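Colleague: We have chain A already, so just place chain B on it with the hints.
Residue numbers (our numbering), protein chains in the order written: chain A, 1 to 326; chain B, 1 to 85.
Careful, some of the hints might be misleading.
EDC-like cross-link-like pairs, simulated, lysine to aspartate or glutamate; straight-line CA separation at most 16 Å [claimed, not checked]:
1) K11/B / D197/A
2) K30/B / E6/B
3) K11/B / E199/A
4) K228/A / E13/B
5) K11/B / E200/A
6) K11/B / D196/A
Everything labelled a hint here was simulated from the structure, so no lab data went into it. None of the values given here were measured: they were computed from a predicted structure.
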Amino acid sequence: MAYIGVQPADAYTSFAVQHFTTSATTSYTLDNPVANENEIALFINNVRQQPGSSYAYTASGTTLTLSAATSASDTMYCVFIGKAVQTVTPNLNPVTIDSGTVATFNRTSSFGDIISIQKDGTEAGSIGAPQASVLSIQSTGDRSGMQFGSTNVYPRKNNALSDNTVDLGQGSYRWQDLYLGGNIYLGGTGSANALDDYEEGTHQPTVTGDGGGTATLDSGSNTLAYTKIGRTVHLTGTIQVTSVSGCSGNMRMTLPFTCLANSNGTGYHGVMVPTHSVNAAGDLGVAFQLEPNAASGLFFGINDNSGTSAQLTTGYYRITLTYQTN
Amino acid sequence: MAITKETQIAKIEVVGEYKAVQIATDTVIKEDGVELSRSRHRKVVHPDQDITGEDAEVQSVCNAVWTQAVRDAWTAFQAEQAQGV
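Looking at chain A on its own, in the form it has when it is part of the complex (with noise of 0.2 Å):
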């Protein structure tokens, strides 16, 4: 069992001794201070005086008094048998052992406060279990505090479980990185909710022809940066085709995830592509299509009061693209 604070001194108690320089006088001046003359034993001339204020001596706090004036030629010492003197010198690690466990707090019955740490007499804080196997650690007062829970570390305030009051961190004093595994719930706590994922990163499309063969791309114009938030990819870049030889149909391009199910506001849409020395022989301009349950998109050339036709042509496509992936 582990001692908090200093350890017990009962095995260096000393009874000590005063020796006294007599005058002629009655009062004298105890080192220790005693509640009553009972807690010393005086002797005058190695006789033992019978204390009482009837009798020889009375005493406290510092004060003793005798009967009769003594001499300056008496000898007088006592011994202090009430109180026992001790010297102890403090622990700076007080608490220390080998193993196990250092120190047990056990408040039995009831759950509350079981630790209370305190400034000069005023409550700072405390530790304590406020449910069975439930740790609690709290300021006083209406400030913040943290109960764990079996999964959970749950927000207290006011010495209780609070929702939506206490912040983590400060402007001026915030917590740097956040590493999570699941999700961050935004403005309210059901699955519409959720943040699970946020991604940065690059994606190489492969270009080929959905008849067939591929696309050669430029080495300095081939990649493509995407931002994934949530369920949402926003992917944007250049890409140069340099060579559609070999190819046929229209030019179907890879993506960095999937694209959405075809369904009611997603699945097939599509976005005009900005193109630099490409020959649209004779369309609007040029669009790319997504293709629900896959990774990819065809160019389409838009053409004027009419539908669409192929697009398989070499030259600079400007990409920026939003799309929901699963």
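Modeller: Here is chain B on its own, set in the frame of chain A:
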């Protein structure tokens, strides 16, 4: 002081009805073993693609999920995709 560059497969995700396999590859730059920077590259492979050049781990996942039924479904789906904007 040794600067090293290595690539790591960060994620292999199997997505959707046609078991598209999304691959996230990280390029990690280290100095004396301490990571200095990390950048991510993405690609997706589908059941009709040649995966012989992919990492063995990716090939293992693809071969596990791309059953013949999945391959056939993907081929049929691709055939339906000839739709203009």
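Colleague: Does each hint fit the structure? Answer for all of them.
Modeller: Tested hints:
A hinted pair counts as satisfied when its Cα atoms are at most 16 Å apart, and K11/B with D197/A qualifies at roughly 13 Å. Restraint check: the Cα-Cα separation between K30/B and E6/B comes to about 8 Å, which is no more than 16 Å; the hinted pair holds. The hinted pair formed by K11/B and E199/A meets the criterion: a straight-line CA distance of about 12 Å does not exceed 16 Å. Straight-line distance between C-alpha atoms of K228/A and E13/B comes to about 15 Å, which keeps the hinted pair within the 16 Å bound.
Only pairs whose Cα atoms come within 16 Å are accepted, and K11/B paired with E200/A is accepted, the gap being roughly 14 Å. The straight-line distance between the Cα atoms of K11/B and D196/A is roughly 15 Å, inside the 16 Å bound, and the hint therefore holds.
Of the numbered hints listed earlier, not one is contradicted by the structure.
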